Every structure is written in C-alpha cells, then in structure tokens.
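Trainee: Just need the whole structure built from these sequences, with the hints factored in.
Number of protein chains: 4
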Amino acid sequence: MNEKLKITIFGGSGYGGSELLRILLFHPNAEIVLVTANEHAGKAVGEVHKNLFGLTDLRFSVAPDDLSTLDTDVAFFALPHGQALNLIPQLPANVKAIDLSGDFRINDADIFKEFYKLEHTALDLQKQFVYGLTETNCELVKAANYIANPGCFATATLLALAPMVKSGLLTGKIIVDAKTGSSGSGAKAAANTHHPQRMNSFYAYKPFTHQHVPEIEQHLKEVGEFTSDFVFMTHSLPVSRGIFASCYMETTVNLTNEDAQNIFKDFYKDAFFVRVVEGSPDINWVKTTNFCDLAAHSNGKQIAVFSALDNLVKGAAGQAVQNMNLMCGLEETTGLMLVGTNP
Amino acid sequence: MNEKLKITIFGGSGYGGSELLRILLFHPNAEIVLVTANEHAGKAVGEVHKNLFGLTDLRFSVAPDDLSTLDTDVAFFALPHGQALNLIPQLPANVKAIDLSGDFRINDADIFKEFYKLEHTALDLQKQFVYGLTETNCELVKAANYIANPGCFATATLLALAPMVKSGLLTGKIIVDAKTGSSGSGAKAAANTHHPQRMNSFYAYKPFTHQHVPEIEQHLKEVGEFTSDFVFMTHSLPVSRGIFASCYMETTVNLTNEDAQNIFKDFYKDAFFVRVVEGSPDINWVKTTNFCDLAAHSNGKQIAVFSALDNLVKGAAGQAVQNMNLMCGLEETTGLMLVGTNP
Amino acid sequence: MNEKLKITIFGGSGYGGSELLRILLFHPNAEIVLVTANEHAGKAVGEVHKNLFGLTDLRFSVAPDDLSTLDTDVAFFALPHGQALNLIPQLPANVKAIDLSGDFRINDADIFKEFYKLEHTALDLQKQFVYGLTETNCELVKAANYIANPGCFATATLLALAPMVKSGLLTGKIIVDAKTGSSGSGAKAAANTHHPQRMNSFYAYKPFTHQHVPEIEQHLKEVGEFTSDFVFMTHSLPVSRGIFASCYMETTVNLTNEDAQNIFKDFYKDAFFVRVVEGSPDINWVKTTNFCDLAAHSNGKQIAVFSALDNLVKGAAGQAVQNMNLMCGLEETTGLMLVGTNP
Amino acid sequence: MNEKLKITIFGGSGYGGSELLRILLFHPNAEIVLVTANEHAGKAVGEVHKNLFGLTDLRFSVAPDDLSTLDTDVAFFALPHGQALNLIPQLPANVKAIDLSGDFRINDADIFKEFYKLEHTALDLQKQFVYGLTETNCELVKAANYIANPGCFATATLLALAPMVKSGLLTGKIIVDAKTGSSGSGAKAAANTHHPQRMNSFYAYKPFTHQHVPEIEQHLKEVGEFTSDFVFMTHSLPVSRGIFASCYMETTVNLTNEDAQNIFKDFYKDAFFVRVVEGSPDINWVKTTNFCDLAAHSNGKQIAVFSALDNLVKGAAGQAVQNMNLMCGLEETTGLMLVGTNP
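Chains as they are written, first to last, in the working numbering: chain A, 1 to 343; chain B, 1 to 343; chain C, 1 to 343; chain D, 1 to 343.
Don't read these hints as lab results, they were simulated from the structure.
Treat each hint with caution, since some may be false.
Just so you know, same-sequence chains aren't split out, so a pair can sit in one copy or run between any two.
[Said to hold, decoys possible] In silico DSS-like pairs for lysine-lysine, Cα to Cα no more than 25 angstroms straight-line:
(1) Lys265 x Lys43
(2) Lys166 x Lys6
(3) Lys188 x Lys206
(4) Lys301 x Lys43
From a predicted model like this one, the values you see are computed outputs, not experimental measurements.
Mentor: Shown next as structure tokens:
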C-alpha cells in the first residue's frame, strides 16, 4: 500500500476522539485530514490533548456543513449518541464509516427507541451496518462499508460469552456483573466523576436497564443458539480506565477448569487481541492497550468467565481502528501494538 | 453502669486491632487494660497507629504466657487464623471472648479443615460460640459468652441475603459477586497490595473457594429454608476500605422494586446499623462507619441486592464491639456513632 | 452549661457545610436550628450528605430574607467568597458569627480587592473580626464576637511558620511549597477535579498569586517581627482530603534537628490539636481529624518544616468549631475528638 | 543499519527492567539476546510482566558467571545499587554499558561512600563513564562507551536547573521540592508502598540527605558556574508513576514570565523530549512517555520552575535507550515514540 488512507474524525475532543488521535497519528497507513471539535475549532490538538503536545501540528476544525463532498477514505464518528444518525446518511458512497456511538448497533427500531429515547431515522442504512466485534465478525467486517462499533461493556461481555454460547453447552440464565472506570463517563466533568468522592467510591447504576443489553442479546443470537435469561448489571470503579466483567453461566455437563479454558483457547486461537490468561485477568495489564484478557473457571456446572479490557481502546477507539484495518485490507494489528506497562 | 468493662485486645497491631483501639479507647463503658502485639511490645500505641498519637498513653505488651489468671471482662482476638483456637480455651470462665478470626465460625470440623487447612482442636468449646451477625442473631448474642465474629465478606453477603431467604420467596441459585478494598489483606505489605500496581487494578481471586462460603451457607440455614446453589466470587478493588456485594437471586413470584425494598425495610426496621437506601449503596458513604447500606431491585423475578460496608468496621471491629455491647447489657450503639464523611 | 447553643449554618450543602454538620450534629453543647442551602431547600440533610442518612431528621431551608430577627447564638457562614460580606452586617448584635470564607480576613481594602476582585463593603465591621488561627490567637478568640476563620493553606502554613517567626531566628526569604487534595476545590464538579484525569495528576496552580498569601503575611506580622520575602506556591494532589506544606527557612544561627523540634514542642505545648511528630507528618494520619501534624528538620541553618492537616477540618469546619468552643466558654476539644483511622 | 544491535539486560524483573523490555522489544534496531533475573530464571518474560504476555517468547536467564565472553553490543544494568560496580569491570572491551543504578554517577569516592554506604572498587573505570543526562551531555554521550544513567529525581531537577545555571543569572540558594510516585520504590512490596495507607498519603522522606543530591551538584558544576546553596527535599506521592519537581531560584535581574520561559525554550530548542509548556506541567501528561515537561514562572527576581516526567521512562529506562541511540549512531527518538494518553 503506497498511499495512506485519508481519515476524518468527527468528535475529536472527547475521550473516544482522544484515543483515535493517539492511535491514528502514528498509524503507518493513515493520515488524518480532518478532525472536528466545534467548541475547540481552531485550537491545536496538542493544546486540548496535552499528551499529544509536540507530536502533531494538527488543529481542530468545525464540522463541515455539507458532508456530501467530503474527501476522505474512512470517517470515524466519536460523537454523543444521536448525532451520527444524522451525519452518516450524508456521506458520499465511497466513504467507509465507523460509528463509535450506539446509533447503528440495534436492528430493531422499537428496542432502539426504548433504550436510546430516540426515533431511528435511518433504518435502511442501519441494515448495511456490520456489528464490529472484530473477533466474532471478522469476515463480515472485511466486507463492510459501515461499522457499528460495539459498546465498551458489550465488547467485554460478548468476548466472554460468545465462546460459551457457541459451544451449545449452556443452560439456565446468564448473569453478568460488569464494572467500569470513570473515563467511561466521558471527558466532561460531572457529579459522578467528581474526584473527592469518586476516588473512594464503588456503586451500581442503571440496574437491569443499561443500553448495552440489547446489543449483547442481539449479537449472541448471531453467534449461536441463545435463549437464556440475561441479567446485566453495571457498576462504577474508582480507576480511570478499564472494564472488568464477571460472567456467571451454567453448563449442561460437568466441565473441568481446563475444559473451560480450552473452549476459550480454541475459540480465540487466531485472535491476536484476545489473551486467555491463568487465574484472573486484571485491568492493570490491559490498560492503554487493545487487548481483552479472559479467564474461565468451572466448579462443575457453574462457570465463571472474567473479562478485562480498556474501555477506550478495545472498548472503543482501538477496536474501531482494528475494524478499519480489516475493512481496508490491512493487517489487523497495524498501528495497534500499544504495549501496556508494568506497573 | 458505674464501672467500666475491663478490656483485653489480643493482636493490637493489625488493622482489626487498630480499629478496635480506635473504637474502644473512646467507648464510654470500656477501659483497655491490655493490648498485645509481640513484635511491637513496649512501643506506644500511638507510635504504631499514628492516627492515635496524642490520644492515648497505652503501650503494647507481649501476650501473657498464662491466660488462666487474666483479669479482664471481655477479650477480643484479632489474630491470624489458628491462634485464637489455642488461646480462648485457656481463658478463665468469667471472661467473655469475641474472636474476629475464622477459628470458631464453622460447626463442622471437616469443612473447617477443608477451608482453613487446620485441625480444629476445640470442638466442644466451638459449640458454645454464637455467630455474631448482630442483626440476625441479636437474642443469642445477648446471652452469649463466646462470639465468633463474622467475616467481612460474610457480613456484607448475609445482610443482603438473609431477608430474602427468610421471605421464603427464593428459587434457583444465588450468585454473589463481592469486591473488597485492599485493607482486607491486612496490615502487612504484600505483592497484591503493592501500591504501584494495585492502584490501577481490579481482578478476581480464589474463584469458588473463598473461606467465607461455608459460614455464609451455615448461617443462611439458620435464618430460613436454604437449599439454593450458591456461587460466591471475590474480587479486589483499588480502594483502601470497603466491601461491595452484588447479590443475584430469583423469586417464585413477581416483585416490584418497592416490594423488594419493603422486604428489607421490614426485616431491618429495628436495626440501627443497616440502612436501606434508594438506588445503590456506595462504599464512600459507609467508610469508617459501622453501617451496612443495602438496596434491592427487581426486574420481575430477577432480584439484585447491593450491599456496602466498611470491612474493618461493620465487617470486623465495629461489629465486634456491637456484639460486646449486647453481651454486656449496653445500648447497641454505644461507642459506635462513628460518623462518615462527605467526601 | 445546661442549655445548648442554638446554631445556624449558612451554606450547608458544600464541603464546608458538610463537615460543620458532621461535627455539630454530635456536639454535646450545640443544636442546629437552621441550615440553609437554597438549591436543596426542603430536602433532608441525609439525602444530600448521604454519610448522615439515618443520623438526623434535619432539612435544608432557604436562607431567610431578613436576618435581623434570627434567633440563634452562633452563625457559621460556609458560603462562596463575597456572600458573608453582605449577610453578616444584617445579623442581630447578640449573634456570634464565624465566617469560613475570605471575606473578613484581610485588613487592607486594597489588598482585599486585589486578591478577591471585590470591593469590601463592610470595612468597619471587618475591624471587629478576629483572625481565628486558634493556636496563635487563643485569647483574642475567647473575647471575639466575629471570627474570620483562616484559609486551609493559611492554617497549614501559619502553624508551620509562626514558631519560627516568633523565635526571632529567621533571616532571608521563606519558601512554602504547599499541596492540597481535591476537596479543596469544593463540592461542585469541575474540569480540574474530573476523576479520570485527576487520579494520575500532580500540578502547580496560581503561581505567586494565591489569595491566601496576604492573610499569611498579615498574620505573621502579628505573631512576630516578619519582614522576609515570602514565596508561596500551591499544587494539586490526587487525594480527596489533606494539605501538606513544606516550608523552607534559614536561621541566623546553627540549629540541630532537636533544637528545631524543640522550638515547636515549646510553642505548641498547650495546643491539643497540634502534634509535633518525628520524621515527617503524613496526611494519612490527620485525614478527617482536627489535628495539624508538624515536624522540623535542620541542616545547620537551612530549616525545613513539614505541616499536614485535613483541609476541611483543621483547615475549615473543625477550626471553626474550635473557635466557637472558645468564644462560648466551652472546652476547646468539645465535639472535636474526631479520631483518625489506620489505614 | 541492516543488523540489529544485540542487547543484554541485567536485572529484568524490576521496574527498570520492565520498562527496558517494553521499549527494547519493539525497538527497530535492537534485539534482546539475554535478559537476566535470577529469581525468575526460566520463566517467560510475559509471565512476570503480564503486560507483555503474548508479545514475546523471551525467557529470563540467570546471570552468566563469566561476563568476559558476553556476545552483546549493549548491556543495560537495572540492578540494585552496588551490583553493576562488580559486573561492568568484567565486560569485554567492545561492549557498551549503560548503568541505571548510582554506582558510576559520582566522581568522588568519599562522597560516593557517604551517600551509598559502599567503597567504590572501580574508580578508574568510573572515569570513563559519561553522565547520561542526554539533553545537556549530548556530544559526550555520542562518544561514550559507558553511561551512568541519571537518577529519576536528578533528571527532573537538572533539566529544570541547567538552563538557569547556564544563564549565569542566579544568585542565592536554590530550593527543590521534589515528589515521586510509588513505583520509585521499586517492584518489591514494602511498608511505604502498602496500598491501604499509601493511597491517602503524602509525606516527606530523607530530609536533606537524598542520594541524588551529589550527582545534581556535580553535574550543575559541569553545566555552568554553580556555587549556590542547594536544598533538596523528597516527598512521596500517591500515584504509581511520575516525578514533579518545584524549583525555587533567585535571579540578579528582574525577569518577566516570558523572559523565564524563553531561557528554557532557547536552551531546549533542539531537545525533542523536553517540552516547555504554559502554566504548569502535569505528571498526567508525561506518564508512560519519555517527555520531560517544564514551565518557568517569574515574580520579578523570584523564579519557580516546574518539571514533570515519568520516573521509569525519562527518569530511567527511556533515557537509557535515548543514550543507547546516540552512542550507537541512531536517531535519538528511535523506539521512544511512546505516546501518552488522555486521560
């Protein structure tokens, strides 16, 4: 590939945008031609994201009024829910789009409305979107023009559940106890991320009603026979980055620990960014990286699977670039060798 | 009561001992006559627990060789597992004992051995111990001479499960996803509490095998009809203090949220130290206090109960003093008005 | 004293108000008759400050329009700068007032205007205010009707500098490198207290221009001969509570470490809430308490004094109550035995 | 360059070794041929540094008994103080050595003994060492065979002081108030890095006696005319990574803020890894990177310079690789584009 892909990022000032910039500025096959951030238009990227100071001369722009003439190969949308819904239909046909919001993840207009409190105004276009959980949808992603990039909780949960659902061994309900770091709430200060309180805090929120539930259920039905009751509970962790999901299932037959681990090792044998680990994953080992670490344990028929990832990378910008790589015929790992640190 | 209770604390240098000292030094009906800490013998308490500097002239002593002449009314044991087992049988008959370790919690010698890797050498004495979950065992505690003070995870879990088990409405398995702060690992530095790593960490440990499982199951059978499968999973949180348990159950009948909350409000209507809250409890609001905060949610037949407490207070030293108060005919809250802070 | 003091708190919803409530609700000689918080008027105190849930039935009120008939013995003002300036002049003459803001700390109207960007509209009343650094101004406080409660940074700094200034041994400039926890920014969420960033953050702010500089200089001139150049620098720490000030001075004569410590031990021999410690103080040991811990070190003529306190207690609400106790003829420590914790 | 440099790392299991591995495993001109860690010999690198799991098949080895036949181009020593002293003299003459410990930083044997409590047994070899503060010693580093890599505190302090010392404008004493994250204490758990206490902690340590003082003073004399009294104070921050130094100086002439900033912009105009920023640097923006961020402020003749870096990268492993790059004729930034993150 001798020419670089021309990249546009809509919504460059939030944490999703911040991480897209961190990755794509150093991606060998990408060149960012436009990054929008209306409130910061004109400012240097390195002035807003001070980690990037000295590393780029790029500046934020206002979003163009007319997208139909946008000269770009790939457009990323890292905007609040409801905005990509209006923008992506305006893109020229040759532009590949990757949406990090929930706007195009849900097939069913009623369910979308129930969870996002919005009418879906682009249902035909939605049908062309591929759900970008790269590891389970690899071939569809390669052929896609439009990607609905999975939610952070959904990614952690689906990577833990998909091998078990695929195995056909499950019975009874599935319970997922999921926890997220504070960056999951976005870059704007708010009461629930006020440092004096949050640093000593752990609590549950949105019991039974988190908006990632329908995309998880929808995709599990694509992965295998899925009819289980599904209980999904979200909690807030006093760390900056990271999601940890503890997933409780039951199997129809007895499994040893090794059996359980092997189901995962087998399912992910070609997946560079999924690591099956001993004992427990730890968000410490995946923070700032595109890895999802998994471990499975069995107590006979009771199975626990633990999943850890960085909500902003494998749970957002990293997976988005992973999808871009596949859509554009690049090696999956290009630009994504984001090495974690100890400590 | 014109005379103060004479108090001995065995094991005053750990976090359990530290919190017993914080509470009992200011308890209006208590006077600490002896506090042991072999490695710190001779040192001022305020030199080891620097929070207490300027507040007491007490010094640590070596444990006496002969306990049979101990002149004390109440003896607290805040020692590593396996030590109270040898010491409590030596006490004079008139000394009330409260053990914060697991040594006397388990009725069944085989189960004790399986989880604690120790032969139980005082089985007859064990039969005289009352399990000191104050809210469920109030009357037995009042009459007791020996208290097995519940584990921190067990307290958080049992306070969340007892009302539901008692209600007779449960069916199917119970799953408890529990998380603890780093002080649960004790006062000695160790790899899993090394700050550079722990501060960004969240992970699971001891899957399916935590030693608090048997005391939880044993006490639930005392509370009501309990035959459920029970899955208990422990995780490490990057905070200093606090336990949060998310408990998943199923009922035979549909419950509204309000129904679920009312089960708890009713069960704990006389329990000063259990607060039924809206939404979710948060360890931030219970840290350093003797409160356990609970909230129940229902999604029809799927029930989630959240429980938060301070592992060193309601999960250890605070509950121990609460038990002492009842055993000695004092008001339950005496010396325990430990007011939390915002933030 | 058989009757309780009637207490009014203006501004009960911020962190200063939160801590006043925590202390005064359990103060044996105080009864809160009114606590204002316009945005929360009508709400239960325990709904806003969830640490107090179950501990009080008090509710927030709107501030009364007419203060001239306020039936209270002591009024605390925990309002943003500029509000007490208008309210305190309206109080009946028999009401003692303690202002936690900077409105009445500065004697010089020009300096006040320079640092607070406000015209001072109550200069005559200001002359009746006593600067409430309890340890240095004890006798004046006892006789005062109006207290300007010192700033948090000012308290930590002045307690470290006063004994040295008083000693008459200083020469050359004084440099104070001060650090505060995030609760110093108040209860409202803001960019600089956004958890995802703040938890890994340390930075300086307001170089050379912090508004506590003039009150420090003004009070040092009351304490002794003070003509030094004074450099004061503020930094932000990623903890919730605590101030740590490192104070660098030079003496005209050589001092040993012991000499330096003795200056402090002597100066504070009657001060219960100042502890002179070995090595270094640590905010961990003073958090949630009314203590200021100090340590002095000498390298010949170069002196370093370290000072640690809780910005919301000794640096605000705790010192305010300490002042109230003295003004009202109570024991200085009444209601202030707020025992710290380990950990 | 068609062949890769053969690299040996002595001491691969600590945090210095961890970061050397993170960087050198992905350095385009380096191949790690040996990494030692006696206690982990035989184990996979990715088992000890779990961030590297899946990224390398490298295993730890025991250190060879005989170094004289070591087949390597560059040897890094990330060992406790006192060990490189014995090992580096055994290396073949053609091996370039970079020592991250303090063993070869100090020219004066008496001072070395005073601060490191060790006899220096390789004084002749020490004379061949270049002090590897890359930005001030660039030309000497290029020609060096042996590098004494600066201490983390020394790097932060010297980068802040060197431009001012070089300017010739200083008068009077210099005071440096320095703060470090917990990873500065190394990978082994210890009381001062025990999470329950450290997370709420800030304290000073080693007042006036830190072992980085002599290397700072020694190098400032190489940079310019340096005769100032120098007060250096170290403190512990409750973050994992990062050093922040607040440096207080006085100039003989009045400087504006802009004058002060310009001294730094000019001095570092060719230094990629030093960024002169507005306001204050923040450890949040340099963590995991090789950048040192600086800001200078003036209040007339009182100057404050703030310096922030990652103690394990620019303060250790990153600077070591930066030195290797120069010693081996590579571009200074090769393998060091470690991009920070927001948040």
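Trainee: It remains to establish, for every hint, whether it holds in the given structure.
Mentor: So, going through the hints one by one against the coordinates:
1. Taking CA atoms no more than 25 angstroms apart as the test, lysine 265 paired with lysine 43 passes between copies only; the shortest distance there is 21 angstroms, against 46 angstroms inside one copy.
2. In this assembly of identical chains, the alpha carbons of lysine 166 and lysine 6 never lie at most 25 angstroms apart, being 37 angstroms within a copy and 46 angstroms across copies at closest.
3. In this assembly of identical chains, lysine 188 and lysine 206 lie within 25 angstroms of each other by CA distance both inside one copy and across copies; the values are 20 angstroms within and 23 angstroms between.
4. In this assembly of identical chains, the alpha carbons of lysine 301 and lysine 43 never lie at most 25 angstroms apart, being 57 angstroms within a copy and 33 angstroms across copies at closest.
In the structure shown, a violation is registered for the earlier hints numbered 2 and 4, in ascending order.
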